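Protein chains in written order, with the working numbering: chain G, 15 to 391; chain B, 647 to 699.
Think of the hints as simulated: they come from the structure by calculation, not from any bench. Quantities reported herein were computed from a predicted structural model and do not represent experimental measurements. Warning: the hint list may mix true and false statements.
Derived list of chain G stretches under chain B, where covered just means 3 residues or more per stretch with a C-beta under 8 Å from a C-beta of chain B [to be verified]: (1) 17-23; (2) 32-44; (3) 130-144; (4) 249-258.
For the chain B half of the interface with chain G, some residues (derived, Cβ under 8 Å), not all of them [claimed, not checked]: (5) Arg674; (6) Ile675; (7) Phe677; (8) Arg678; (9) Ile679; (10) Ile687; (11) Ala688.
Ideal Cβ placement from N, Cα and C applies to all residues, glycine included.
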Amino acid sequence: MDWTIYLGIAVALALLWRSRQPHLELNKWYYYLRIFSRYKLASILLVAGFLKVFPLYVPEISLSHLNTGYGYFQHWKHLLLSLSAAPAYLVFLGIVEVAAAILLLFRRTAFLGVIFIIPFYGNVFLADLAYEGGDFLVSTYIVLLSLPVFVYDLGRLGRLIYHKAFTQPAAWHLEWNHSRWKKVRVVGKISFAVVFFFVVGFKSYSAFRQQQNLFYPQHKGLEGIVGKYWVKDFVLNGDTIAPSPFENGRWKDVVFERWNTLSIRVNESIVVEEPASRLWPRQDSLRNYEYTQVGDRLYYTFQFSEQDSILTLANRNKHYIAGSYRLQLSQPDSNAVLLRGTNGRGDSLQVLLVDAKKKYLLEEVKKVGRRKVGYKL
Amino acid sequence: MSKKKIDTAVINHDTSYVDRKQWPQWQRILFRISFIFFILIAIPNNPHWYTHV
C-alpha cells in the first residue's frame, strides 16, 4: 500500500521535474541512481550478512522448545528451528550476503552481486510464503532495490548468453577526477566501509563472543535449577491430583530456562500468540520469541527473591494475562524442587518437581562431534 | 592504442548524443518516475526507525 502511494508521489514529482527541467543527461542520472541503490542494498546486506556470519540471526533452541511436540510449532517457527539446529548453514548464508555486498560496492562487479542477490532473495521470498512468514515484503523490497543495477546490464547479458554475440561491457562512467564531488566521494566511501564493515562487523562479533542473543531475556535464571522437571506430586486446594489425560488443571512437566523463564506443559489447548516484534528489541519485556507461534506449554517470566525464596510467576501470553503464581521455593534434595503457594485466583497449590536429568542429542553431539556419532539408516 | 583512446573518449564525453540515441521517450519518463520512487522507498520515513538507531 505504501509503495502505491510512493509511486503516485513519484509520478507527480516526475511530471513536475520534467516541466522544470525538460532536458536531462539521463546516463548521468541513471549512474547516480545505480550508486544509490548499490550502496543502500550493500548496507542492508552487510547488516543481515554479519548477523548470520556470526550466527545471531536465529537463537539456539531453548530447552522449552526441545520439550515441545513438533506439531505444536507454527510453520514459520519450524524454519527458524531448522536454522537454529544447523548454524553452519546460517554462516554460509551470511557469507553469500557479505560477498554480494562487497561485489555491489564496485561498479564493475555490481552486476555479479545482483546476479547472486536476485535468486538468493527470490528463494527467501518463496520460503517466506511457504512457511507463512510475515516478512515477504522485505525480500520483495531487496529484489526491487536491485532492479536499477540489474536492468542496466540486462540487455548485454541477453546479448551474451542468448544471442551468443560479442558484447562490450558498459563503459560509461563519471569522470570523478574532474568532478567537484571527488573529495566527498572518497570520504563517503571510507565512512561507509568504517560503519558497515568495522562497526557492524565488530558489534556482531562481540555479541557472538559474549554469547548474547537477540531473542531470549537477558536476566539470569535460578542458580542450579535448569532443565526439565517431572511433576511428581500436584496438590490443588488440598486435593492430590493424579496424572490423567482427562485432568486439565494438572501440570505435566516444568522447564526452567537458563534465563528467568519457566514453562509448564499442561493438558489443555493453548491460545497461541502471534509475534508482535519484528525488529530485535533490547528490553526483556518485549522479547517474545520463546512463547509466540508455539503451543503445548505456558510460558511464565519469573522473579525470585533470595531473602524469602519467593518465586513470582507471570504469564506473558496476552491471552493468559491473569495467569500468575506466588510460590515459595525449597529444595528437599538436589534433584527435587518443592513449590508451595497460591495461584492468581487464590487457590492453594503444592507441587513437587523431580529433575528428569534429560540428555539432549544436540548437546551430546557437540561433545563428541557429529561424525563420531555415526549414522545408521 | 590510439584508436582505443578515441573510442572511450566518444563514449565518455559525448553523452548528449548517446542519451538521445539510447533513450526513447517512454523510457525517459519511466526513468524519472523510477528515480524518485527508488529514493522514496529507500529513505526510512518512520520516526521510530531513527529512535531505534
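Checked hints:
no., hint, verdict
1, 17-23, "holds (count 4)"
2, 32-44, "holds (count 8)"
3, 130-144, "violated (count 0)"
4, 249-258, "violated (count 0)"
5, Arg674, "6 Å, holds"
6, Ile675, "7 Å, holds"
7, Phe677, "6 Å, holds"
8, Arg678, "4 Å, holds"
9, Ile679, "4 Å, holds"
10, Ile687, "6 Å, holds"
11, Ala688, "5 Å, holds"
Hints 3, 4 from the earlier list are contradicted by this structure; the remaining hints agree with it.
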